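Please construct the entire structure, taking both the sequences and the accompanying hints into account.
Quick mapping for you: the protein sequence lines, in order, are chains D and V.
In this text, residue positions in the first sequence follow our numbering: the first is 1, and each later residue adds one.
In this text, residue positions in the second sequence follow our numbering: the first is 1001, and each later residue adds one.
Note that these hints are calculated values from the structure, not bench results.
The structure presented is a predicted model; accordingly, all values stated were derived computationally and were not measured.
A portion of the hints provided could be inaccurate.
Claimed, not checked - Pairs of lysine-lysine residues, derived as PhoX-like cross-links and limited to a Cα-Cα distance of at most 20 Å, are as follows: (1) V:K1006 to V:K1201; (2) V:K1196 to V:K1135; (3) D:K28 to V:K1320; (4) V:K1299 to D:K28; (5) V:K1359 to V:K1369; (6) V:K1206 to V:K1006.
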Amino acid sequence: MLIIREDLGKMGKMTDEERFSNIPMMLKWVDSLIESGNYIKGEPLLIKGRYVSKDQILSDGPFIEAREGISGYEIIQAENIEQAAAIAQACPLVQKGLAVREVRPIATIYGVSNE
Amino acid sequence: MNETGKRIEVLYKDKFGQLISLILQRFRSLSIESAEDIVQETFAEAAMRWPEQGIPENPSGWLYQTCKNKSINLLKKNYKTEDLLFAKTVSVAAEEISEHGFKDAQLLMLMACCNPDITPKAQVVLALKYVSNLKVENIALQFGVELEAIEKMLYRARQKIKSEALILSANRYDYSRSRLSIVHKVIYLIFNEGYKQSGEKISQGKMMCEDALTLNKFLFDSPLCNSETKALQALMLFNIARFEARFDAHGNAIELEYQDRSFWDGSLIQLAHQLLTESEDSTFSPYHLEAAIAFVHCKAQSFEDTDWAAICRYYEALLKIYPSPFVEINYAVALQYNHQDEKAFRILMDLHRNPYFNKLPILEMTIRKYLKRVNPENGA
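As structure tokens, this is what we get:
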């Protein structure tokens, strides 16, 4: 991370206003490409080929919306339901009596192969 | 666990893949399995010796030296003399491996794993295992597949490598530019693995994210760097800027709406923003769009300020170049905030009816959240 922090030094001192003064301009090119529809390389995608592509690998990612979007659930990884319950029990809100947590296992994934 | 144990655990996470890569580069006739065994044994030895004798002054150097000695012993036993001669010609001074050297070795290993003779997905799996030492079950979660599928893939990839030998070039520029897109994908997934950790694993997770950022920075500073490299770096920086703000003091996740935005790192956001601007090209990759989405969140002064219409537009574009159930789920959440509940529900239900994707944990969670939000009485 240090070497990334070094880059920050090079950027000089800017105030927040200066930093984001060009925001309205920002991403104009992304928007213009989307509008023109020219951002797809090569041939248009075939509906039939959905989710199946030679080079693309389907995977999870650090998407913000589903993980941080709507309050209410937490997924925890635990060896078994007892351990999961113990983890939930340790939640400070539960300890203070401010919340009750329901612990439920999530179905195992099977039948998915998109190699 | 005591201090020494903790220190060894951190080194194990950080250096495992790098040590494998370093000894494979030095001793070309070693198999990937032997290299793995040697590194394991070395850590076992450290766990035995260090608590009594104390942590060496240069722990990484000690680990490397021990791995090297073990490799030499093994090769002597197997009469691989060519390699031994090579090892002798390397002077002691040249063997001082810096942190930079370790990282460089790791990137080299990553590029070697992205071998076009095996399928793209197997390349990613192999790299996640050997470059970042990810557990098989965690790799399976990243792809939304069964553990056995990943084990099989690893097995086949190793067989293939055994028969053709994984060539580790001494120079990363020997590898073709065509490997770059898979290399980016691996870095992206290392970052994601770190980013989704919570509770006790937060600091470990942060290390993985920084690992991913540093690997990509090496690419960034090399002649291989392209517009995708820049966009990926921007995407990771937008997210790392918000890393700590996502948790309360006890390591519990805080939803985006309730995060204290003054804890977001403004200078990292600024750097990310600059890189995203620099990444402009005549076309764009999924990383460009994901970075654009992260940027929209980062620039919003408050949750209520968020430009959900722009986010939805970027998701639509993303789905066109990268159709994926993972992306659709996130798009559905964005649609809800853009007051398009019906459309969101339709997408979620379509996925739910799909026998391949209806078992994704994140889908089940999103549907339950949706139902709870539109009908709070409903519970879950």
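Results for each hint:
no.	hint	verdict
1	V:K1006 to V:K1201	holds, 13 Å
2	V:K1196 to V:K1135	holds, 15 Å
3	D:K28 to V:K1320	holds, 19 Å
4	V:K1299 to D:K28	holds, 15 Å
5	V:K1359 to V:K1369	holds, 16 Å
6	V:K1206 to V:K1006	holds, 16 Å
Taken one by one, the earlier hints all hold for this structure without exception.
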